[in-house]
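Chemist: Chains as they are written, first to last, in this note's numbering: chain A, 1 to 324; chain B, 1 to 362.
Treat the hints as calculated values from the structure; they're not laboratory data. Treat each hint with caution, since some may be false.
[What the hints assert, rightly or not] Here are some of the chain B residues that sit facing chain A, going by a computed Cβ distance under 10 Å:
#, residue
1, Val74
2, Ser168
3, Gly217
[Stated by the list, open to error] Reference listing, derived: stretches of chain A covered by chain B, where coverage requires no fewer than 3 residues with Cβ under 8 Å from a Cβ of chain B:
#, segment
4, 70–77
5, 81–94
6, 158–164
7, 200–209
Beta carbons are placed, not taken as given, at the ideal position from N, Cα and C, and that holds for glycine.
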Amino acid sequence: MSLSPAALGAALLALVAVAGAEGLVANPPQRIISVDGALTEIVYALDAADRLVGVDTTSLYPPAAEELPKVGYKRALSAEGLLSLSPDVLLATDDAGPPEVLKQIVLAGVPVPMIPDQPTVAGLHEKIAAVADVLDRAGAAVELSAAVDAALGEARAATANASRKPRVLFLLHVGSGNDLAAGRDTAADTLIRLAGGENVLHDAFQSYKPLSAEAALAAAPEVILVTERNLKGLGGEDALLARPDLAATPAGQARRLVSMDGPLLLAFGPRLGEAVATLARHLGTIQGGAPRASEQASTEERRDAAARDAGRTGSPPANAVTTD
Amino acid sequence: MSTGAVAIPGHANLLKRHQLQQLSLFALVALVCVVALLSIAIGPVNIPLADVLRTLAGVAGLPAGEVAPQHQAVILSIRLPRTLLGLLVGAGLAVAGAAMQGLFRNPLADPSLIGVSAGGALAAVSVIVLGGTGLAMVTDALGSFALPLAAFAGGLVTTLVVYRLASSDGRTSVTTLLLAGIAINALCGAGTGLLTYLADDQQLRTLTFWSMGSLSGATWPAVGSLAALMTPPLLALPLLARTLNALLLGEAEAGHLGIAVQRMQPIIVALAALAVGAAVAVSGIIGFVGLVVPHLLRLAQGPDHRFLLPGSALLGGALLLLADLLARTLVTPAELPIGILTALLGGPFFLALLLRWRRTAL
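Bound conformation, chain A alone (with noise of 0.2 Å):
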């Protein structure tokens, strides 16, 4: 087993990735692969959009991408199948993978600028940063941190005044099994703070794991957070409410549920501002934002009303027909 060929191509992968920083990139690249989420939003913020050939599954915003070809999920990637697209430059996060495919593609003669994935505020910039050079866009670049900087510093000024910080639990739904919740250096986590929330698991552990019934009692959220996507898999608002280690919890008693579009809230992209502002609308944390979220509240109420009202309405004929 020799290691010299594993040399070779972590040699052409750093030799790839001074050439990216040197804008040695076949300039500027004509068709471009993304194969994350937020770098994709980049791509589409700096007009820079008609260059796409392909995205991975983690690419959903905007719904135009959607309508790209599919390369996989980013950490799943076909060396062959990406190549058939005849990129100029594929465009990963740190965490894509496999590690060999990548190989495979730089052995091919396409560059993959390794751009780090870090769900700050700072690794933003340094995303928006890193994929304006790749695209010879600095100009562009520097106009959308702007924005970006913009947006944030709107919804901390919105959000300065609020006389508490809620307490929210985010949870994750990845299938069957235990649902994952979110600890620190979590996409989750940096937009609850500057949405002015406290992520009740900040403390408690980092990344994304499962969370006993009885550590979610103990964490007592506020406010529970959901995608609109996993409400779904999660069996909905009253089901996931009613949960015995969600019902007794404050957030369970005062049924404050906030679902928001998956993309928007997981991507960490240049819409980071938008979501931020949502999301902190939902809280109530932000100026004039409290009488919403009571507001809320009582929508929740009256639909909860309505619901049980319509089961006692839609029960007698069900007696009728058991006892015909």
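Following the hints, position chain B against chain A.
Modeler: Chain B alone, transformed into the frame defined by chain A:
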């Protein structure tokens, strides 16, 4: 449990059967060549057949015409290593399966029964989940070789443990071997489950794709290491065909026929574990090839291991290449995990086999 009574054919029948087997082996060689050529010629990148043939001629040292460099790169650095890897993995899994079924005289035996896959999986999952923390020293030292090496070592170590458990006073009980295998499988499964529970979402994704298997890690160094590890089992197991044939009659009967049963058993187990461990290391867990391929051949040509072992190697390679061809081309430009396709193929067959076995057993 036995593979069914071996008919005692007349001399003329025997000769005819022998010729038929020779013919079948030639047919299988031809099948492998055709499938390998398809695997090299077909893929998401559209390459004219002429370019494919020119590139292959160039590899063989023949005068080759001009080929687009990108096409040449796709064939030489992606399709050719992948085809070779698929052939080796498929052949190794199927030969190991055939040898295990013969050794245990059990049509449902599979190398995974004695813990190779479970041990390999546990080690691989440990590397994926603990790579950044508990095992950082190991993974930093070995780099990208950490995962395959761990999977390989894990498979061999569990096999060794199972084998030691089943041996006492220099004798090995096949029943104890199977039961110990089940227990060790459960323990490894528990370890894998615990690590899966500890994994974060990114690691979970990696785990999922690894446990469904893929040939996408096909680089030339991977092919080289796999060929080195696969050569002993692929060459030696077919040479042990007479031993396995005698074992079909029973351990005592094989002993009367002059076979050193107690000496041959560990050799066969070790060779099968080597083949499966190496396959798991480069391609993750690919199910059903080791189970289904020997059975297909046994149904067609009977349980003679002189035919069954080389035949399994050839058919195993061909089947895995076909499954990979589908995995690569069905959802281009993405790719399906190959384990899904082999299980889709193998699952129904396995059920039919179970029903058939139940009917004949009653």
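Chemist: Hold the hint about B:Gly217 up to the distance rule: shortest CB distance to chain A must be less than 10 Å.
Modeler: This hint holds: B:Gly217 lies near chain A, its Cβ roughly 4 Å from the closest one there, short of 10 Å.
Chemist: Would you say the segment 200–209 of chain A counts as covered by chain B, given the rule of at least 3 residues with C-beta under 8 Å?
Modeler: holds (count 4)
Chemist: Against chain A, is B:Val74 within 10 Å by beta-carbon distance?
Modeler: 6 Å, holds
Chemist: Would you check whether B:Ser168 satisfies its interface hint, that is, whether its CB is within less than 10 Å of any CB in chain A?
Modeler: 37 Å, violated
Chemist: Per the coverage rule (Cβ-Cβ under 8 Å, at least three residues), is the segment 158–164 of chain A covered by chain B?
Modeler: violated (count 0)
Chemist: So is the segment 81–94 of chain A in contact with chain B by the C-beta rule, three or more residues under 8 Å, or is the coverage claim wrong?
Modeler: holds (count 6)
Chemist: For the segment 70–77 of chain A, do at least 3 residues have a Cβ located nearer than 8 Å to some Cβ of chain B?
Modeler: holds (count 7)
Checked against the numbered hints given earlier, the structure breaks hints 2 and 6 and satisfies all the rest.
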